[in-house]
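Chemist: Chains as they are written, first to last, in the numbering used here: chain X, 1 to 265; chain P, 1001 to 1840.
These are calculated hints, taken from the structure and not from any lab test.
Yeah, the Cβ is synthetic: ideal placement off N, Cα and C, and Gly gets one too.
There could be a bad hint or two in this list.
[Unchecked claim] Listing some non-contacts, in silico: residues in chain X with all C-beta distances to chain P over 10 Å:
#: 1; residue: Ile26
#: 2; residue: Val56
#: 3; residue: Gly159
#: 4; residue: Phe203
#: 5; residue: Ser257
[What the hints assert, rightly or not] Partial chain P-side listing against chain X, Cβ under 8 Å, derived:
#: 6; residue: Glu1228
#: 7; residue: Asp1330
#: 8; residue: Asn1657
#: 9; residue: Asp1658
#: 10; residue: Asn1731
#: 11; residue: Ala1762
#: 12; residue: Ala1766
#: 13; residue: Gly1768
#: 14; residue: Arg1777
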Amino acid sequence: MAETDLKTKGRIFDIQRYSIHDGTGIRTIVFLKGCVLRCRWCCNPESQSYDVETLVVQGKPKIIGRDVTVEEVMEIVEKDRGYYRRSGGGLTLSGGESLCQPTFAKALLKEAKERGINTAMESMGCASYEVVDEILEYLDTYLMDIKHTNPNKHKEFTGKSNELMLENARKIAASGKTKLVIRVPVIPTFNDTPEEIADIARFADKLPGVEKIHLLPYHRLGQDKYEGLGRPYLMGEALPPENDHMLMLKKVVENVSDLVCQIGG
Amino acid sequence: MRYNSTKVPKTERITKLVEDLYAKMPEIESARARLLTESFQQTEGKPLLMRKALSFAHILKNIPIIIRENELIVGSSTIAPRGCQTFPEFSYDWLEAEFETVATREADPFYIADHTKKELKEANAYWKGRTTSELATEYMAPETKLAMEHNIFTPGNYFYNGVGHVTVQYEKVLAIGYEGIMKEAGAELLKCKPGDGDYATRKTFLEAVIISCQAVIDYAGRYAELAEKEAAGCMDAARRVELLQIASNCRNVPAKGATTFYEACQSFWFVQQLLQVESSGHSISPGRFDQYMYPYYKKDLENGTLTREFAQELIDCIWVKLNDLNKVRDADSAKGFAGYSLFQNLIVGGQDEAGRDVTNDLSFMCIDASAHVFLPMPSLSIRVWNGTPHELLVRAAELTRTGIGLPAYYNDEVIIPSLMSMGLSLEDARTYNIIGCVEPQKAGKTNGWHDAAFFNMCRPLELVFSSGVDKGVQLGPKTKAVEEMTSFEEFFDAYKEQMEYFIELLVNADNAIDQAHADRAPLPYLASMVDDCIARGKTCEQGGCVYNFTGPQGFGIANVADSLYTVKTLVFDEKKVSMAELKKALLFNYGKEINSLVVSQVAGNLANEMTKAGQIPTPEVLARASEAVIKEAVTAEDRKRFDEILAMIEEIPKFGNDIEEVDSFAREVAYTYTKPMLRYKNPRGGQYQAGLYPVSANVPLGAQTGATPDGRLAGVPVADGVSPSAGKDVNGPTAAANSVATLDHGIASNGTLFNQKFHPSALSGAAGLDNFVNLIRAYFDRKGSHVQFNVVSRETLLDAQAHPENYKHLVVRVAGYSALFTTLSKSLQDDIIRRTEQGF
Chain X
1 MAETDLKTKG RIFDIQRYSI HDGTGIRTIV FLKGCVLRCR WCCNPESQSY DVETLVVQGK
61 PKIIGRDVTV EEVMEIVEKD RGYYRRSGGG LTLSGGESLC QPTFAKALLK EAKERGINTA
121 MESMGCASYE VVDEILEYLD TYLMDIKHTN PNKHKEFTGK SNELMLENAR KIAASGKTKL
181 VIRVPVIPTF NDTPEEIADI ARFADKLPGV EKIHLLPYHR LGQDKYEGLG RPYLMGEALP
241 PENDHMLMLK KVVENVSDLV CQIGG
Chain P
1001 MRYNSTKVPK TERITKLVED LYAKMPEIES ARARLLTESF QQTEGKPLLM RKALSFAHIL
1061 KNIPIIIREN ELIVGSSTIA PRGCQTFPEF SYDWLEAEFE TVATREADPF YIADHTKKEL
1121 KEANAYWKGR TTSELATEYM APETKLAMEH NIFTPGNYFY NGVGHVTVQY EKVLAIGYEG
1181 IMKEAGAELL KCKPGDGDYA TRKTFLEAVI ISCQAVIDYA GRYAELAEKE AAGCMDAARR
1241 VELLQIASNC RNVPAKGATT FYEACQSFWF VQQLLQVESS GHSISPGRFD QYMYPYYKKD
1301 LENGTLTREF AQELIDCIWV KLNDLNKVRD ADSAKGFAGY SLFQNLIVGG QDEAGRDVTN
1361 DLSFMCIDAS AHVFLPMPSL SIRVWNGTPH ELLVRAAELT RTGIGLPAYY NDEVIIPSLM
1421 SMGLSLEDAR TYNIIGCVEP QKAGKTNGWH DAAFFNMCRP LELVFSSGVD KGVQLGPKTK
1481 AVEEMTSFEE FFDAYKEQME YFIELLVNAD NAIDQAHADR APLPYLASMV DDCIARGKTC
1541 EQGGCVYNFT GPQGFGIANV ADSLYTVKTL VFDEKKVSMA ELKKALLFNY GKEINSLVVS
1601 QVAGNLANEM TKAGQIPTPE VLARASEAVI KEAVTAEDRK RFDEILAMIE EIPKFGNDIE
1661 EVDSFAREVA YTYTKPMLRY KNPRGGQYQA GLYPVSANVP LGAQTGATPD GRLAGVPVAD
1721 GVSPSAGKDV NGPTAAANSV ATLDHGIASN GTLFNQKFHP SALSGAAGLD NFVNLIRAYF
1781 DRKGSHVQFN VVSRETLLDA QAHPENYKHL VVRVAGYSAL FTTLSKSLQD DIIRRTEQGF
C-alpha cells in the first residue's frame, strides 16, 4: 500500500476491542465520527456531529473525537490479530456513518484486506452509490441498517427519508461484491409492530444473496450521554422491548421470508 | 467419535446430599488429636516413622465413623458434615488462642464445643516442644525471623501445617490395591540385608508403609461392617440394597484392585480422604481423574454392567464428598485462603505420554458433575492444547458461564516445555496435572512443596526508599539513599539488591521448615503411593521422590512494574517529581489516611533517634511524638503537591493495557523474583522454582504494605496473580490478556495466575461460547499459562453483599479456586467487585 494511504487521516471517537456482537468472531470496532442521520434512539449521540465535542462523563469533561491516520488505527487493530485468526473475527467500521468519511473508510478497509484481516462495516448506506461502490471490494461483510420501509416515518424519526438507502441496498446486493446482512433496530413507537417488521423482512428477502437479518432490540444505555452532551433525550420513557415481543417478531420474519433471523448482533 | 459427550441429568440424591452437607456451620472435632496423642504416649522410644505409622493405625482403628444418609460412596473424617479434625503435631498454639473466637470470626468460622476445647487442650499439651513448627523456628537464621516479623514474606502454610500439595498414584491403588503395595514393600523388605548401612532406616520405613496400608484396609473393613449393620436394620428395601453394595465394595477395596467402576470410585475416595487424615496438608489433588478412572468405566459400560446415568451419579457423589472434607486454619491464613478451600485440584483433558489427545466420556462427565453439585470442590481444571476438541472447551465454557468460576484453563504448550526445563522427562511433562491453585507437576513422582510461601514484591520496593530500614530497623541491605541516585538503573539495581537479599532469607525459612518436616513429620502412608519412596526406602519428606521442588510465590507484580515505570518516567525521564518529594509522599500515604502503617514507620524512626539520644521510647511517648511529627511534617502545601503527584501517576500508562513498553518492563520486573530463585536448592536436593500467584493473600498482605509509587495507598490490596492492578486495565480482555502473556510464564514453572471477569452476557448463545473459547485459544497462542474467569454481574455481587442470606450458594472464583461469595470477608468481597469487568 502506498505510503500516502497509510497517512490518510480520519476522525474517530472510539476503538473498541473484543467486540463480539458486530460481525463474526472477536472483532475490533473503529467508530468513525459524523453521521447524516439523527435517529432519536441513537445510543451514540456523540457520534453524530463531525465536530470534536465535550462529553461530561461522571462529572468530568471528556473530549470526544480525535484525528488519526490509517497507520495509527492499524497498529491497534493488529494487536488482536491472533484473536481474529482463532475466531474468524477482524475489523469492523462503525459510527456514526462510515460513509461520511469515504476516503478514510476505504483506506482502512483496503489496508486491512491487504493484510489479510477480515473486514465488516456497519452502515445505513446513506451516500451516493459511487461512494459505496468504491468500498465494496474491500469489504467482506456489509452490516446494513434498514430501519423502516415507509419514507415519511423514516424521515420523522431519523431526519432523512429512506429512498437512497433502500436503492443502495438493492444495488449492493446486486453487485455481489460483499456479503450483505440486514440489521433492524427494533424501536418502540417507531417500527416494533409485526407489520412494520414484516415489511422490512419482505424487502430484505428480495435482495439477492441476503440470507440473514438481525433484530437489534432498543436499549437505553446511551441515555446518560445525552445529558453529558447537554441534549434532550427524545425517547422519553420508552422501554426496551420484552423478550417475548422480540421472539414474536422473529417468528414474523420467519413467516414472511426465507431469511435466517437472529435477535441481537 | 472417540467419546460420548451426551449429558446425563442430575439425580434427586445429589440435591439431597448437597442440602444435608450445608445444613449447618462446620464443626471442629477432637478424635484425631486425642488418638494421635494417645498413641504417641504409648510409643515413646520407638523409631519416629514407626510411631507415625502406629499412630495412623490407632486413629483409623478408633476414630468414629459414619455413613451419611443417601451416600453411595462412604468415608467421612468427621461425624459433623464439613467438620474438621486437628493436627497438633504441626502446631496448635494458634487454635487454642482462637478457641473463643473461631466460631464468630469473619473468614471461615467453625463451631467448637466446650468439651472439644477441653479435650484438645489435654492432647495439645503433649506436643509442646515437639511440633514441626517449633523445630523449624529453631532451624531458622535470626535475620529470617526478623524479615518474617516485618511481613516481607510468610511461609505460614507449611510452618503451621502439613505439606500436602501432591497427587499420588491413584491408578496404582485402583489396579493392585493396598495388598499389592504391601507386597511390593514386603519384597523390598526381603532385600534388606542386616549388613546394609541403611538397614535400620530402610527396614523401619518399609514396615511403617505396610502398617499404614493395613490400617487403611482395616478402616474400609469398619465401613463394611457398619454398612452391613445398617442394612440389617434398614426398612427401605432400595436403601438396604445400596448399603449391602457399599459393604461389598468396602470389603474388596482398597485392599484389592477394583473390579468395577463403582469399586474404583470407592477406592479412589478412601485414598483421597485418608491422605487428609494422615496430615493436615491441603491441595491433595486428584489430578487426572478422567484418565485413571476411564478403564473401569469403559469395561463396565462395554460389558453392560454400568449405565452412563449411574456412572454420572457416582462421580457426582464423589464431588459432594470432596466438599465434606475441611480444615481449620489460623485467622490470618483463613483470610489468605478464604472459602474453606482444600484446593483438591482435578484436571480433565490434555495429552498422553505420546502426545495424543486423551479427551474421553469422563472428561465431559467431570465438567457436568461440577455443574450438578455446584460446589467449590473439586478445583476443576482443564488442559488446553491445539488438539483439544472444540466441543470439550465449549462444555467447559458452559460451566464457566454459570458463574461458578470453574474450570481453570491451562496451556499445555507453555507448561510442558516449562516442566522439561526443570528436569522432567518428555513423557512425565506431557502427563502433568495441576496441584492446588495453579501448580503443575508429575503425579506420583513429585514432592513439589508448591505453596511454599507468599513473597510480597512490594515490600522490598518500600525498603529501597528507606535504604533498607523498616519501622526503624535496618531490615534489608543499606542501599544508596534514593535522593542521591542519578539514574533509573541505580534505582532498579537497589530494588534487585533488596529482592535478592530477601529471596535468600525466604529460602532459609522454607528450608528450615522442610527439614523440620523431614525430622518430625515423615508420612509413611503418603510414601506408599509416590515413586521412588519404596525403592529408596525414604518418605517424600526425606527425599524419597523422583522430583523435588520448592515453589514459593511472588505477588504484587503489577504494582511493582507500574511503580518502577512511574519512578522511571516521573523522576528520571521527565523530572517532574523529585525523589525527595516522592519519598515523602509515600511515607505519608500521599497525604491521605494516616493509618497504622504510616504511624509505625514514623514511630520506628523516632524510636531510633530517641534511643540514640539516650531517651527511652515508651509507647505512650512514642505515640504522642509520632502524632506531632506527622502533623508538622505534612503541610497544606505538601498535600496539594501530593495530589498533583497522584494526578501525574494516574496519567502514566499501566500494565494490562497492551502497551508494549510497559508490558516488557513488567517482564523484567518479574525476573527480579523468578531468576534469583533458580539459584537455590532445598534439603531434599531439589530445585527452587518461582510461582506468580497469590491465592487470595493479595488482600491481607496488601494490608501490610505501605503506599507504592503506582499511586496505590497504604493498606490497599496489591494486584492479584499476574493480573493487572484492579481497575487499571481499561482496554478490554484481549488487551489485558496480551499484556499478561508478555510476561515470561515459562520461567515461573510453579505456576502463574490470571483472573478475568465477565458478565454472563459475553458468553450468551452458541456464538458467545465460541468466542469465549477462541479468546482462551488466542491467549494461549501467545504463551499465557493459565486463565480463570468470574462470570457474574457487579450488581449481583453488590446485592449478595447486602443480602447474603439470598446468595448462600453464590460461587465466585477467588484466585486459583472457587469459594462461596458470602463466606468471604468484606474486604475480599470488595476486591472481587472492584476487579475490572471486561468487555461490552
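Chemist: Starting from the hint list further up, note which numbers the structure goes against and sort them upward.
Modeler: 1, 6, 7, 8, 12
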